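Asker: One line per chain: the protein sequences are A and B, in this order.
Take the numbering used here: the final residue in the first sequence is number 317, and no numbers are missing along the way.
Take the numbering used here: the final residue in the second sequence is number 507, and no numbers are missing along the way.
These aren't lab readings, by the way, just hints derived from the structure by calculation.
Keep in mind it's a predicted model, so treat the numbers as computed, not measured.
One should not assume that every hint holds.
Simulated restraints on C-beta separations [what the hints assert, rightly or not]:
#, chain 1, residue 1, chain 2, residue 2, range
1, B, Thr353, A, Arg292, 39 to 47 Å
2, A, Arg31, B, Pro339, 19 to 27 Å
3, B, Ala130, A, Leu114, 17 to 25 Å
4, B, Thr353, A, Gly284, 34 to 42 Å
5, B, Pro339, A, Gly34, 17 to 25 Å
Covered stretches of chain A (chain B as the covering partner; in silico rule of three or more C-beta atoms under 8 Å from a C-beta of chain B) [unchecked claim]:
#, region
6, 144-156
7, 235-244
Where is the CB? At the ideal position from N, CA and C, for every residue including glycine.
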Amino acid sequence: MLSFLLQLVQLLLVLLLAPLLTGFVRTLKARLVGRRGPSPAQPYRDLWRLLRKEAVVAENASWVFRSAPSLVFALSWLAAALVPTFALDLPLLRAADLIALVAILGSARFLQALAGMDVGTSFGGIGSSREMMIASLAEPAILLVIFTISLFIHSTMLPHIAGFVLAGEVGIRVSLGLALIALIMVAIAETGRIPVDNPATHLELTMVHEAMVLEYSGRHLALIEAGQMVRLLFFVSLIAAIFAPWGIAEASTAEGVGLVGIGLALYLGKVFAGGLLLALFETGIAKMRVFRVSEFLAGALLLSLLATIFLYVSQSL
Amino acid sequence: MTDEGRLETFVRGCEAVPGHRPWPRVRAGRAQWRALADLLAKTEWELLALWAEPAEVHVALRDETTLAVVSHPCPEGRFPSLGRIRPGAIRMERAVHDLFGLLAEGRADDRPWLDHGRWPVTAPLGKERAPRLGPPREAADYGFLPVEGEGLHEIPVGPVHAGIIEPGHFRFHANGETVARLEERLGYVHKGIESLMQGRTADEAARLAARVSGDSTVAHSLAFARAVEAAAETTAPPRADALRAVMAELERIANHLGDFGAICNDASFGFIHAHAMALRELVLRAAGACFGHRLMMDRVVPGGVACDLSAKGAATLKRLIAEMRPRFEALVEVYDNKPSLLDRTVTTGVTLTHLVHRFAAGGYVGRAAGRGMDARKVPGYPPYERLDFEVPVLIEGDVNARVWIRFTEIGESLRLLAQLLDHLPSGEVRRSVPGRAGEGLAIVEGFRGDVLTWVALDGEGRVRRCHPRDPSWLQWPLLEAAILGNIVADFPLCNKSFNCSYSGHDL
């Protein structure tokens, strides 16, 4: 019973926390460049404003265009709910397989790209084509990272991985370090952050994700924005769950309530530390040329490949 | 150089028009105009501007030694095209046709330019001004160049953009991400400034000249004021000349800082953007405190300047210079040590030196690609002849070079300001302009490049005709060339490094 309750808490937590993380990163970035910036709560207000606005839909839009926002949001939310954040003993976590998560995100991206092309504007097409180019390079990299991890732990289930790391059965390994860097690079590309994409740009010709969703407005746009925020939280949580699972409560018995509380506090700490690092990184770098993205993601692929090779080399010694 | 290849020789062979100052204006008959076209094909003379009156076209030309206006009367409404020889004149001829109904024979492009088919009249400034018949033309009804070649697709952008910028339509023919052709369509902010100026007093028209392009308000006001003063055979008092230069340099610094920040922001490097904008704000506040208007609009007027600089104001500006320099240099340091940023700007959007010369493009566009023209040096105007400053020239022609030209110019402008403030002449700041007939031409250096203004006054000192030519006329076409072979996603960066004026061009 308690585990169902905790699952419900996690579902709502990721939904409510996601705008705060995005707002936190925006505020920090503004402070870092010397501006005052909006309050971290601004994304909540933006979403609320968009939800109350009328959704304007192009005349030639099909059902794909109209249904994509809800589906993309639902898939992103599901993915975020599947990652162990502060407790391990949750009913949904039985489905938290890394390969399944990649598939869920891949489906969301596929729907989004379809919707981008649906109306037939040139920007939607440009955005979808660029997004697919990035995805085609990011997905192999993330799968290779998963492969490396599963070679260690003999499982692709997130709760097992987190439990394994928590049990202290892995020390500091070169392979894991390489896999971490590769995963961070993929996460930057997947969440559309600088230097791959700029979520704050007004230049339609340079956009990737924003170009795909340029035609959306009102509640559709609110769902897409919220989905994007949840996605950022998902990647921060995923990296935390695999590489820094410390504090995640393993059992949710009545005595474990205190542990759950500690897990929750630590999780929040990890999320905001992730946000801080992201803001620092984004402030210090300019966006790269579109064609450098392939080199960037090829780098991620190479690192994850090296991680696998190192693993075999170290085992054979 | 042979005698024949000199503009002076050609000018001497034509009938001089009296009352045009400070450079000569001559009238060329049909045969002479055709000879001029042949000479333009053979020589390096620069075609600075082409404009018209209801029955005459004018062209401003320059070679190493001479500057002159050549006019060709065309009572039949036709004149031989110069645009087929000098591509920089093509859009000017199209604009002349739209505004005056004068047709360039053998023109390279017969599509309208400023007239989008939605004015209530046709040829609004010409002899044949007539109400437009039929319904207004659809916005999409324009003969864009066809997409030629396999695998190319078309990307229309604008005129309404996602950012808060002026309207302009850009049509890309792209092969994947690589740009195979860019076609611009402008004219969306046509305000009819030339027509509004006609019949107004010089002071009234000066307010319109100040609004040709808001970011160059000092430069356009200055060009207009100097043209009116030349036409009326008067000059501004020395203190007014110095104050005009102070305002012009402040405007240059503020705009270059804004461009620097915006270029970095287009590469998603927000740090420099935020700090450059803060510096720009310092300049604008100082200008507001000293001259009563942040952009110094309507402060330069025919006969002098509209407000004096107090001793307190001069001290404010000196403090500004002292504060600016280290902060600005620190920002340049950040720019130059940021490989991810330089990776975006170096080798992006290269303008070729021969095109820059062919189009006589001024400002940072020309100077970044080897054309070192600066109206403050050549032909020069007071008070710059007594001031010490350098005109930077680079040859790379890429976005990075245009950024560096701006850096150097900001430094030089700060030096100029210090010199000006140390030796401000005393005395009056405005003289009344006598109301007499005459024609005047003025070229001044705005932040974008040389602003050329031609004014004809009637006997009461009212404007008979005025043509303010923004430097953007000669720079917009080069943007089409600079983007070739680059990727679509780099266009905003190239465009921002050009930062051409839509308003100044659309008139």
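Asker: Now, for every hint given, state plainly whether the structure supports it.
Answerer: How the hints compare with the structure:
The hinted window of 39 to 47 Å between threonine 353(B) and arginine 292(A) is violated, with their beta carbons roughly 28 Å apart. One distance hint, 19 to 27 Å for the beta-carbon pair arginine 31(A) and proline 339(B), holds here, with the actual separation near 25 Å. Between alanine 130(B) and leucine 114(A) the Cβ separation comes to about 52 Å, which falls outside the hinted range of 17 to 25 Å. Taken as a hint, the range 34 to 42 Å holds for the pair threonine 353(B) and glycine 284(A), whose Cβ atoms sit roughly 36 Å apart.
Distance hint for proline 339(B) and glycine 34(A): a CB-CB separation of about 22 Å, consistent with the stated range 17 to 25 Å. With 0 residues having a Cβ less than 8 Å from any Cβ of chain B, the region 144-156 of chain A misses the three-residue criterion, and the hint is violated. With 0 residues having a Cβ less than 8 Å from any Cβ of chain B, the region 235-244 of chain A misses the three-residue criterion, and the hint is violated.
Taken one by one, the earlier hints fail for this structure at numbers 1, 3, 6 and 7, listed in ascending order.
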